[in-house]
Amino acid sequence: MRLHELKRPMNAATAPSTFLRRLLRSHRWVLSLLVFVLFWQGVTSLFNVPTYLLPSPTVTLFAVIHDAPLLGRHLGTTALETLGGLGLAIGLGLLIAILMNGSKLFSDLIYPHLVLSQAIPLIAIAPIILIWFGLGLFAKVLIVAFVCFFPISVNTYEGFRTVSTDLRDLLDTFHASRWQRYRHLHIPATLPGILAGLKIAATYSVLGAVVGEWLGGSSGIGIYMTRALQSFRTDKLFGAIVTVMVMSFVIFKGVDRLGVYLTPWSRRRHHE
Amino acid sequence: MSSILEVEGLWKWYGALHVLCDVSFSVAQGESVALLGPSGCGKTTLFRILLGREAYDRGAIRGSFDAAGYLPQGGLLFPWKTVLENVELPQQIRGVDRATRRRQIEMQLPAFGLDGFSNAYPHELSGGMKQRVGLLRTVMTGAPILFLDEPFGALDTLTRHRLQTWLATLIADLDRTTLFVTHDIEEAVLLAQRVIVLTERPARVLGDCRIDLVADDRTNRMSKSFMRAKDILFSMIEEGGNDKGPEPV
Numbered sequence: 001m002r003l004h005e006l007k008r009p010m011n012a013a014t015a016p017s018t019f020l021r022r023l024l025r026s027h028r029w030v031l032s033l034l035v036f037v038l039f040w041q042g043v044t045s046l047f048n049v050p051t052y053l054l055p056s057p058t059v060t061l062f063a064v065i066h067d068a069p070l071l072g073r074h075l076g077t078t079a080l081e082t083l084g085g086l087g088l089a090i091g092l093g094l095l096i097a098i099l100m101n102g103s104k105l106f107s108d109l110i111y112p113h114l115v116l117s118q119a120i121p122l123i124a125i126a127p128i129i130l131i132w133f134g135l136g137l138f139a140k141v142l143i144v145a146f147v148c149f150f151p152i153s154v155n156t157y158e159g160f161r162t163v164s165t166d167l168r169d170l171l172d173t174f175h176a177s178r179w180q181r182y183r184h185l186h187i188p189a190t191l192p193g194i195l196a197g198l199k200i201a202a203t204y205s206v207l208g209a210v211v212g213e214w215l216g217g218s219s220g221i222g223i224y225m226t227r228a229l230q231s232f233r234t235d236k237l238f239g240a241i242v243t244v245m246v247m248s249f250v251i252f253k254g255v256d257r258l259g260v261y262l263t264p265w266s267r268r269r270h271h272e
Numbered sequence: 273m274s275s276i277l278e279v280e281g282l283w284k285w286y287g288a289l290h291v292l293c294d295v296s297f298s299v300a301q302g303e304s305v306a307l308l309g310p311s312g313c314g315k316t317t318l319f320r321i322l323l324g325r326e327a328y329d330r331g332a333i334r335g336s337f338d339a340a341g342y343l344p345q346g347g348l349l350f351p352w353k354t355v356l357e358n359v360e361l362p363q364q365i366r367g368v369d370r371a372t373r374r375r376q377i378e379m380q381l382p383a384f385g386l387d388g389f390s391n392a393y394p395h396e397l398s399g400g401m402k403q404r405v406g407l408l409r410t411v412m413t414g415a416p417i418l419f420l421d422e423p424f425g426a427l428d429t430l431t432r433h434r435l436q437t438w439l440a441t442l443i444a445d446l447d448r449t450t451l452f453v454t455h456d457i458e459e460a461v462l463l464a465q466r467v468i469v470l471t472e473r474p475a476r477v478l479g480d481c482r483i484d485l486v487a488d489d490r491t492n493r494m495s496k497s498f499m500r501a502k503d504i505l506f507s508m509i510e511e512g513g514n515d516k517g518p519e520p521v
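Protein chains in written order, with this note's numbering: chain A, 1 to 272; chain B, 273 to 521.
If you are wondering where the hints come from, they were derived from the structure by calculation, not from laboratory data.
Be careful, since some hints might not be right.
Said to hold, decoys possible - Derived contacts from chain B toward chain A, CB cut-off under 10 Å, selection only:
{"hint": "1", "residue": "Arg320"}
{"hint": "2", "residue": "Phe350"}
{"hint": "3", "residue": "Pro351"}
{"hint": "4", "residue": "Gln364"}
{"hint": "5", "residue": "Phe506"}
What the hints assert, rightly or not - Anything over 10 Å on all C-beta distances counts as not near chain A; from chain B, calculated:
{"hint": "6", "residue": "Ile365"}
{"hint": "7", "residue": "Met379"}
{"hint": "8", "residue": "Leu430"}
{"hint": "9", "residue": "Ile504"}
What the hints assert, rightly or not - Pulled a few chain B residues facing chain A out of the computed Cβ check, cut under 10 Å:
{"hint": "10", "residue": "Leu323"}
{"hint": "11", "residue": "Gly324"}
{"hint": "12", "residue": "Gly335"}
{"hint": "13", "residue": "Phe337"}
{"hint": "14", "residue": "Ala339"}
{"hint": "15", "residue": "Ala340"}
{"hint": "16", "residue": "Pro344"}
{"hint": "17", "residue": "Gln345"}
{"hint": "18", "residue": "Gly346"}
{"hint": "19", "residue": "Thr354"}
{"hint": "20", "residue": "Leu361"}
{"hint": "21", "residue": "Arg366"}
{"hint": "22", "residue": "Thr413"}
{"hint": "23", "residue": "Ile509"}
As the structure is a computational prediction, the values presented were derived from the model and not from experiment.
Glycine included, C-beta positions come from ideal geometry on N, C-alpha and C.
Looking at chain B on its own, in the form it has when it is part of the complex (with noise of 0.2 Å):
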């Protein structure tokens, strides 16, 4: 399969502060990969670099891809706007007409639980439903690759349980190439097919995990195969723990 995204040796400081060390790993096409480190890591400053919001120091970046979806921290809605409204801006921003990219949203809305809420403001919505909104919007750039920042980290446990099952089928049907970040091991394996395990700051990768589970397996938290899923990834933080790393030449 061949790579959409080649990250190779990439550095990252701010001032004194160390923020990325060493990181190297690739994305193949239609793969979901998850970034799995502790919070504070240096993960959304990775994702900010890969998106070209933030510069690095060392290394080099490749991606085969034109344009990129991002879901920030917290699904990030302008209040202002609608939920029709906040969904269409990247198609109204890249000309796509009025009507066609509202037929579009409207044949989409029910799948994201949003049907009859297009007319609603954020702040009338739950942190779910906004999570969602932000998805659909994701979604609706139409880009080849979806960047997630740490899609339901605010959510309350309950909620985020539903919607991260909703999230795999999504990304299953989806077929598109998904990179997240994430602090929550059960996350990564709901929803990875690959869990890139980073440290604590100075993030560097740890190890590279593939998550082979069948379908039914995967939604299943309580099977034998997610289980054992889950305790290699945390064995794999709680040992790497302690390595410091190589130190910058």
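Chain A on its own, in the form it takes in the complex (with noise of 0.2 Å):
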């Protein structure tokens, strides 16, 4: 075979689909999902695994399905948690940050104890917060806030102390006062590093919510892992692992595409 025969570009009908590919491409984590709950699977019925000690991926969907109206309810009491603890989070972390950023001094006061709030275990504080609050939903928005505000607040007070000095001087050449330097030049500025803070937090909060409900209380995803725990019901704990995973990467997209959305100037790529 000559050289410019190897070079020479295939045609529509030897190519492989372009959609597929790209498909392909920008959905590898589904292919490499496929394969671990594939293996799972032959692991479990090759080796004939007691359901009691890991049930195969067929058996934990089955008690997803069959419990899918209790499962339902349980989870929109985690997901009520969790979206409002994240919400006090973020309303928390901004105004912090805004704080230290606006203040040496409240910097200087503040930041040690930020760092220190997060070497408490979080089981150790759950308990606490659930004595002080009861073993409703506020005590629960408040474990997953305070699990969530770290990151958010650190990144978003990293984000403001680069930001560009030149451009904090020129907006001070157009005479802008404090709000419109925040509103023009800091939070744009600093809005992928909340973002990222944002994402690390959306992690933690199903955790955190998780973590509250497993602790006390009467609704909720930790609630009924509880139960099925204690019922020997390990295929019912799977299925509740897994709806739990599923809402974690919900929320995750989802502030990953708000992030798209909030960031427009670095979607577009340069023409020249």
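Mind assembling these two chains? They're in different frames, but the hints should get you there.
Below, the structure written as structure tokens:
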């Protein structure tokens, strides 16, 4: 075969579909997930693993389908706690970052406490919050906010500190007020950092809600898990775990899409 | 002609680093003045002092203007704002209503070669276009005096030549006081009615040279009078290079 024949482009009939290639490239993770599930199913079937030890993916799926109405109700409670806590964490995190950026004294007083607060194990602080605020929704929202506010506030504050001094000087020549400086410079410049913190927080948020429920309450995925565990229904426990994972993923992707929407300037590419 | 800006005996140190040494000059209303000096001589520091962004150690500055338009080096656009949003920012901050400011900007876009690019982001523009957006934003401040810091310093030679000629016409049409810093002798002759020559750091005034060229000679870089003006400035820089200037008292 001659070299020019080797270089000849494939015609439409021989080339794989562009759509399929694009789909495969953008959804590689689906393939890896599929491989993992097949491996899991293979191991449980091949070695005849008892369901109470490791239920297969199909058994887990059946457990989810069977308990769908009940699981849905528990999921609603967890979603409410998660989103409420995440919302509170965003508000609190941004407020702390703005105050720290505005006052060196406040930053010196608060920053070490922020870091120390994260040294407290969640399993130790969550029962205290439940003792103080009861077993209801509000206490769970507070637990989620406690877990989530740190990455948001620190990422935002560090973003504020690295804002271009040249752009700040330029805004000063326009006689921008403090609020205008935040609106036109600090917040958009820090947005990628805030969104990165929010992604981390999004993954922690469901964990915070489930731990809070695990320790006490009447509704939520954590409660469902506790009951499944106490009745040795490992298939239902795995079903709840899968549900929590899906929920975390959906929130994470939601934040990701929000980031794309809020930073249109990073979507377009160079023309030159 | 009355002075819009007077600088008298300005001294500036950064710790032990002596940056400005007894710098004095004045700028008349409507004049276009170049501060010409080698890179790193303290021109940008002088600009920052004039804009009130930096303190000085000795001397006096008297300005009879309430606002100044400032074009920093490289144009300095906000990456998250479109061309239109970048340009309208000074007016938006001043509280000019959206419809009025957008109408004014849309009228100016063709003159700045930006027609059809109002919704483009800075990373989608060439270096020359970014610079023109920065210039338009500076002009749209409506300030009576414009400070341009090395307006075309970061551009390639061809683009720089083209934009220098364009800016020379623009400055003549704008009828505003323009003070700009440059290390390019040709740029100074092309754009300025007066050139204040600065030494290497610590910067001090070597000479104050009026560029009296007829309009055609100003834009013709090969004309005799253009070349002669360049030679005068060049020899001024060469001869003044060894003069160490006054000692601080």
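Hint by hint, here is what the structure shows:
1. Arg320: Holds - the Cβ of B:Arg320 comes within 10 Å of chain A, reaching about 8 Å at its closest.
2. Phe350: holds (7 Å)
3. Pro351: Cβ of B:Pro351 sits 6 Å from chain A, so the hint holds.
4. Gln364: holds (8 Å)
5. Phe506: Violated, about 31 Å.
6. Ile365: It is violated; B:Ile365 is separated from chain A by about 5 Å at its closest Cβ, not greater than 10 Å.
7. Met379: Given a closest Cβ separation of 21 Å, the condition holds.
8. Leu430: holds (15 Å)
9. Ile504: With a cut-off of 10 Å, B:Ile504 remains clear of chain A, as the shortest Cβ separation is near 34 Å.
10. Leu323: It holds, given that the least Cβ distance between B:Leu323 and chain A is near 6 Å, below 10 Å.
11. Gly324: The hint holds - B:Gly324 has a Cβ within 10 Å of chain A, the shortest such distance being about 8 Å.
12. Gly335: Result: violated, 13 Å to nearest chain A Cβ.
13. Phe337: Given a least distance of 12 Å, the restraint on B:Phe337 is violated.
14. Ala339: holds (7 Å)
15. Ala340: Check passed: Cβ of B:Ala340 comes within 7 Å of chain A, closer than 10 Å.
16. Pro344: holds (6 Å)
17. Gln345: holds (8 Å)
18. Gly346: holds (9 Å)
19. Thr354: holds (8 Å)
20. Leu361: holds (7 Å)
21. Arg366: Since chain A brings a Cβ to about 8 Å from B:Arg366, closer than 10 Å, the hint holds.
22. Thr413: OK, holds: B:Thr413 within 10 Å of chain A, min 7 Å.
23. Ile509: This interface hint is violated because 28 Å lies over the 10 Å limit.
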